[in-house]
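Those protein sequence lines, which keep their order, are chains D and G.
Residue 1 is where the first sequence starts when you use the numbering used here, and the numbers rise one by one after that.
Residue 1 is where the second sequence starts when you use the numbering used here, and the numbers rise one by one after that.
Derived by calculation from the structure, the hints in this document are not laboratory data.
C-beta: ideal position from N, C-alpha, C; glycine also.
List time: in silico DSBU-like cross-link candidates among lysine-lysine, alpha-carbon distance up to 35 Å:
1. D:Lys130 <-> G:Lys9
2. D:Lys298 <-> D:Lys253
3. D:Lys124 <-> D:Lys195
4. D:Lys150 <-> G:Lys9
5. D:Lys130 <-> D:Lys191
6. D:Lys236 <-> D:Lys267
7. D:Lys183 <-> D:Lys13
8. D:Lys124 <-> G:Lys9
9. D:Lys72 <-> D:Lys183
Partial pick of chain G residues on the chain D-facing surface, computed with a CB cut under 7 Å:
10. Ile6
11. Asp80
12. Phe86
13. Met88
Here are the chains, one letter per residue:
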Amino acid sequence: MLRRLITVHKEVKTGMIKAQDVQKWFGPNLAVDRVSFEVSQGEVLGFLGPNGAGKSTTMRMLTGFLPLSGGKITIGGHDIEEEPIAAKSIFGYLPENAPAYADMNVQQFLAFTAAIRGLSGQAKDDAVEKAITTCHLERVRRQSIDTLSKGYRHRTCFAQAILHDPPILMLDEPTDGLDPNQKHEMRELIKDMGKNKAIIVSTHILEEVEAICTRVIIIDQGHLVFNGTPAEMRAKSTTAGTVVVRIQGVAFKDFEQAVASLPNAGKPSLTSEHKGAITVSIPVRDNKKKDGLAAAVKALLDSRNWAFDELHTDSGRLDDVFRAITSLDSAKEADQ
Amino acid sequence: MRNIWIIAKRELASYFSSPVAYVFIVIFLLLMGFFTFMMGGFFRYNEASLLSFFIWHPWLYMLLVPAVGMRLWAEERRMDTLELLFTMPITLSQAILGKFLAGWLFLGFALLLTLPMPITVFYLGEPDLGPMLTGYFGSFLIAGAYLAISGMTSACTRNQVISFITSVVICLFLVLAGYPPVTSLLLKWGAANWLVEFAAGLSIIFHFESMQRGVLDLRDLIYFGTLTIFALFTTAIILRNRR
Numbered sequence: 001m002l003r004r005l006i007t008v009h010k011e012v013k014t015g016m017i018k019a020q021d022v023q024k025w026f027g028p029n030l031a032v033d034r035v036s037f038e039v040s041q042g043e044v045l046g047f048l049g050p051n052g053a054g055k056s057t058t059m060r061m062l063t064g065f066l067p068l069s070g071g072k073i074t075i076g077g078h079d080i081e082e083e084p085i086a087a088k089s090i091f092g093y094l095p096e097n098a099p100a101y102a103d104m105n106v107q108q109f110l111a112f113t114a115a116i117r118g119l120s121g122q123a124k125d126d127a128v129e130k131a132i133t134t135c136h137l138e139r140v141r142r143q144s145i146d147t148l149s150k151g152y153r154h155r156t157c158f159a160q161a162i163l164h165d166p167p168i169l170m171l172d173e174p175t176d177g178l179d180p181n182q183k184h185e186m187r188e189l190i191k192d193m194g195k196n197k198a199i200i201v202s203t204h205i206l207e208e209v210e211a212i213c214t215r216v217i218i219i220d221q222g223h224l225v226f227n228g229t230p231a232e233m234r235a236k237s238t239t240a241g242t243v244v245v246r247i248q249g250v251a252f253k254d255f256e257q258a259v260a261s262l263p264n265a266g267k268p269s270l271t272s273e274h275k276g277a278i279t280v281s282i283p284v285r286d287n288k289k290k291d292g293l294a295a296a297v298k299a300l301l302d303s304r305n306w307a308f309d310e311l312h313t314d315s316g317r318l319d320d321v322f323r324a325i326t327s328l329d330s331a332k333e334a335d336q
Numbered sequence: 001m002r003n004i005w006i007i008a009k010r011e012l013a014s015y016f017s018s019p020v021a022y023v024f025i026v027i028f029l030l031l032m033g034f035f036t037f038m039m040g041g042f043f044r045y046n047e048a049s050l051l052s053f054f055i056w057h058p059w060l061y062m063l064l065v066p067a068v069g070m071r072l073w074a075e076e077r078r079m080d081t082l083e084l085l086f087t088m089p090i091t092l093s094q095a096i097l098g099k100f101l102a103g104w105l106f107l108g109f110a111l112l113l114t115l116p117m118p119i120t121v122f123y124l125g126e127p128d129l130g131p132m133l134t135g136y137f138g139s140f141l142i143a144g145a146y147l148a149i150s151g152m153t154s155a156c157t158r159n160q161v162i163s164f165i166t167s168v169v170i171c172l173f174l175v176l177a178g179y180p181p182v183t184s185l186l187l188k189w190g191a192a193n194w195l196v197e198f199a200a201g202l203s204i205i206f207h208f209e210s211m212q213r214g215v216l217d218l219r220d221l222i223y224f225g226t227l228t229i230f231a232l233f234t235t236a237i238i239l240r241n242r243r
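One chain only, chain D, in its complex shape (with noise of 0.2 Å):
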């Protein structure tokens, strides 16, 4: 009893995706340069970047379909290219545009998938069936997947890369030509199942980031440029840390002149005037101490006994930061 309490409570394996420097030329061109990171158990990575940076090259080299042209990938401790078949048994693959084979209904393909994956039998059924039911194709599933909507194609191929129930998963841009609705039940899918798997998510929608991910990695022209939670992220938009209040029955200027004596404030600006009521944002002067601003500024607000309805201390943008550490011409360096 008390050993199988033990082995119930298992260790987090780390270390499920390992990448180790890895490089990759095109001809003379360097898509992807020196790039490491490492995916654990329980995490959910978002790999961000913008089109062209070399995601899905990455993405590609992760799964073995490329060839590396400098570094190390290994896969649950298999390298990619040494032992690519004990690698690429332990993961499951979703491409970007979700490929599948147009020929073959729903169940006819993910039976295939099934037997290449090494199922037989009762098996090989009931994952087949275990996938349908969480991906909702029961109403498709002896449909042809040439004639399927972007949405069903899309959640059949993902039904293919979970059906065997691998420890690792690797999305390359899951929501994409999925409606709203399916976009919020793919990131409740994928997060719950990032509980006990190793996911890396690649995307270019920051909200699925701060949805699913517990860590993110930015790519940019083939370069890792950050590697950290998403709060981390957002901490470094200029917009951090900034105090946002909305009081009543003060005019601006009286409020920018008192905010004036408070020692971390910047310069206050008016952001909407409604009924008597402003909103004003106050941004940080020091970037390291923004903590305190918030509590300088409701002081402030008792002292004078000005009211108000709302006072709180933004977080950051993504996209701010996205847009800071990324630069707008890798765009043009196709996506190979």
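Chain D is already provided as a structure; the job is to place chain G on it using the hints.
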């Protein structure tokens, strides 16, 4: 082995789920009949043999086999399913052999549908069984060699038309290599005798001839085996380098 068969099954299913298979079989049988009876003068020979039937096989296959083989890899490339296939836990050679096997079995099936031909001959006279068996066997080997070649050209491109034309040209060369127009051209260019003989030795017709007569020569078997394996091996190299 299991994986090869899984891939072959999928490929075969895709032949029969589209009109390709049926169109191919109908046209194959129609042309076989037309060439044998109208062009080959089956009845004029006035002998119970399939010579006027087999003689057309290398020519007909030249056009029809590339039509089967052209989609093998080009279609996977075009539909992006190549990425799916090669990120599954299978080896490159399993994928290549699986697809080749599917195409070959399909061509074998189409060939089996010509069985009314030998049955007719048996009905009309008392033919020699040996040349018929070796003739069918040789015909099947030619189909395999052509298929491997068109699979190879298919791996080069995502465009099926390019794949088709290229493999027809290669097969045409293999058919013509032993004929006087080619050999005399080579002689005219001042090629050494051994080179002319080498080119003639590459000819499909030359190696198929003895089989039609009922002779199973080891050299012919080696020729077809080498040709097929070489083309499959080249396919692997192309796919490895051009993903």
